[in-house]
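The sequence shown begins at 83 in the numbering used here and counts up one residue at a time.
By construction, these hints were calculated from the structure, which means they are not laboratory data.
Bear in mind that the values here come from a model prediction, so they are computed numbers and not experimental data.
Misleading hints may appear alongside valid ones.
In silico DSSO-like cross-links for lysine-lysine, where the CA-CA straight-line distance does not exceed 27 Å [as the list claims (entries may be wrong)]:
no., residue 1, residue 2
1, LYS207, LYS225
2, LYS196, LYS184
3, LYS208, LYS173
4, LYS173, LYS196
5, LYS170, LYS184
6, LYS222, LYS207
7, LYS118, LYS184
8, LYS387, LYS325
9, LYS387, LYS118
10, LYS173, LYS118
11, LYS196, LYS207
12, LYS225, LYS196
13, LYS222, LYS387
14, LYS515, LYS422
15, LYS137, LYS173
16, LYS173, LYS184
17, LYS137, LYS225
18, LYS207, LYS173
19, LYS387, LYS422
20, LYS222, LYS184
21, LYS312, LYS387
22, LYS208, LYS118
23, LYS173, LYS422
24, LYS208, LYS170
25, LYS325, LYS312
26, LYS222, LYS196
27, LYS225, LYS184
28, LYS184, LYS207
29, LYS118, LYS207
30, LYS137, LYS208
31, LYS137, LYS118
32, LYS208, LYS184
33, LYS137, LYS196
34, LYS184, LYS137
35, LYS170, LYS207
36, LYS196, LYS208
37, LYS173, LYS225
38, LYS208, LYS225
39, LYS118, LYS422
40, LYS222, LYS170
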Amino acid sequence: MTRYTDNPDAVAALIEPHQVHRDVYTSQEVYRLEMKHLFANAWVFVGHESQTANKGDYFATQVGDQPVIQVRHSTGDIHVLYNRCPHKGTKIVIDRQGNTGKFFRCPYHAWSFKTDGCLLAIPLKKGYQDTRLSETENAKGMKAVGAVHNHRGFIFARLAAEGISFEDFFGDSLSSIDNMVDRSPAGRLEVVGPPLRYMHHCNWKMLVENQTDTCHPMVAHESSAGTAVKLFEELGLPEGAPKPPAMEIIAPFMSPYEFFENMGIRTWPNGHGHTGVHHSIHSDYTAIPGYFEAMVESYGEDRAKAILDENRHNTVYFPNIMVKGPIQQLRNFIPLAADKTIVESYIYRLVDAPDELTARTAMYNRMINAPTSIVGHDDLEMYERAQEGMMADGLEWVNIQRLQTEDEDFTVEAVENGTTERQMRNQFDAWRKFMLMSMEASA
83 MTRYTDNPDA VAALIEPHQV HRDVYTSQEV YRLEMKHLFA NAWVFVGHES
133 QTANKGDYFA TQVGDQPVIQ VRHSTGDIHV LYNRCPHKGT KIVIDRQGNT
183 GKFFRCPYHA WSFKTDGCLL AIPLKKGYQD TRLSETENAK GMKAVGAVHN
233 HRGFIFARLA AEGISFEDFF GDSLSSIDNM VDRSPAGRLE VVGPPLRYMH
283 HCNWKMLVEN QTDTCHPMVA HESSAGTAVK LFEELGLPEG APKPPAMEII
333 APFMSPYEFF ENMGIRTWPN GHGHTGVHHS IHSDYTAIPG YFEAMVESYG
383 EDRAKAILDE NRHNTVYFPN IMVKGPIQQL RNFIPLAADK TIVESYIYRL
433 VDAPDELTAR TAMYNRMINA PTSIVGHDDL EMYERAQEGM MADGLEWVNI
483 QRLQTEDEDF TVEAVENGTT ERQMRNQFDA WRKFMLMSME ASA
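Take these sequences, add in the hints, and give me the full structure.
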């Protein structure tokens, strides 16, 4: 029995201005509808161009629940193809990354394809003579996604052939990616190694919401960051000695509510937003020798200062990634089921910047986001507790009412108190919009 499939009114009723129904997190039927409608019609992150730097380089990932391949074609262009042979449906590649040369070859029946997906050759092709194979979709080769856009090296895809444009979907929110790239004196980033990956037994939206939840750090992380700060203070710091990088990273997690209130939250239309409008936990990192000088040489002093003074905390790009510009990091929340999400945490090197910056970024990733981190597991436990707790029948609704104002308008940019839950409401407004847009169109 289905409750929401082919029922836009029932889906719309899951979202109210101040609350969302628990089925948004717990229903496998809702999850399947998200994959079909939301992830197919939004612009979703695929990878970075540096992961496919050379002709024939490929990177296998997924958009929603769809397996795709990002590949550098012989022309130098990047294509995003479904990871599926048009013959029997076999996955073309199973390695996460590699170089396929000039063509892909299916491991099952050896159909081969150019790196833009076009059919190249079929063994024993005479067996298809007079079968009208050429009139089928299968004869066209590996199917490409609906649309691809490269913004400053970041590759996004829209699975649907028609829909909202890249520019209209992201608008001014792209300023966070721009700032992260501009922090390189060369204006370029490169992925550093594979991402840290681990499973979360919870709904993907919990992780996305948490990126702009500023009322939890001093509570949930007291046992980890709080303990580290306490032990460090007990050890004592010699007069004039610099604070170790590890403590610069972890101590701000224990900042008081006032710190997070004053940092501010900015929201943009279509579910995008960021914490850290005025300052963030990254604002007071020790300067790296030679870095500002390299930036001044590239941009001039005023522009260099403006770039580096922008210390946004977490920017959420709806539906499922977060970027940290000051620390050159991207987290990708890949949904696998209603209660299962793989998290990938990437770090980037600022081309022509001192290596010490990359080292600090890698340290941050290990300390905060690794499967062995001392902070990330605080969040993981809260997500899994929430996933389990929502199965209790005492209440069916989840509250997102903090600092809500009457008649909120999510079609305009807004800056508010840093502990508001407006960004969560903004995300669910976008969720409802894109789910219904597609469901009603296909009805």
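Self-check item: Contradicted hints - numbers only
Solution: 7, 9, 13, 19, 21, 22, 29, 30, 31
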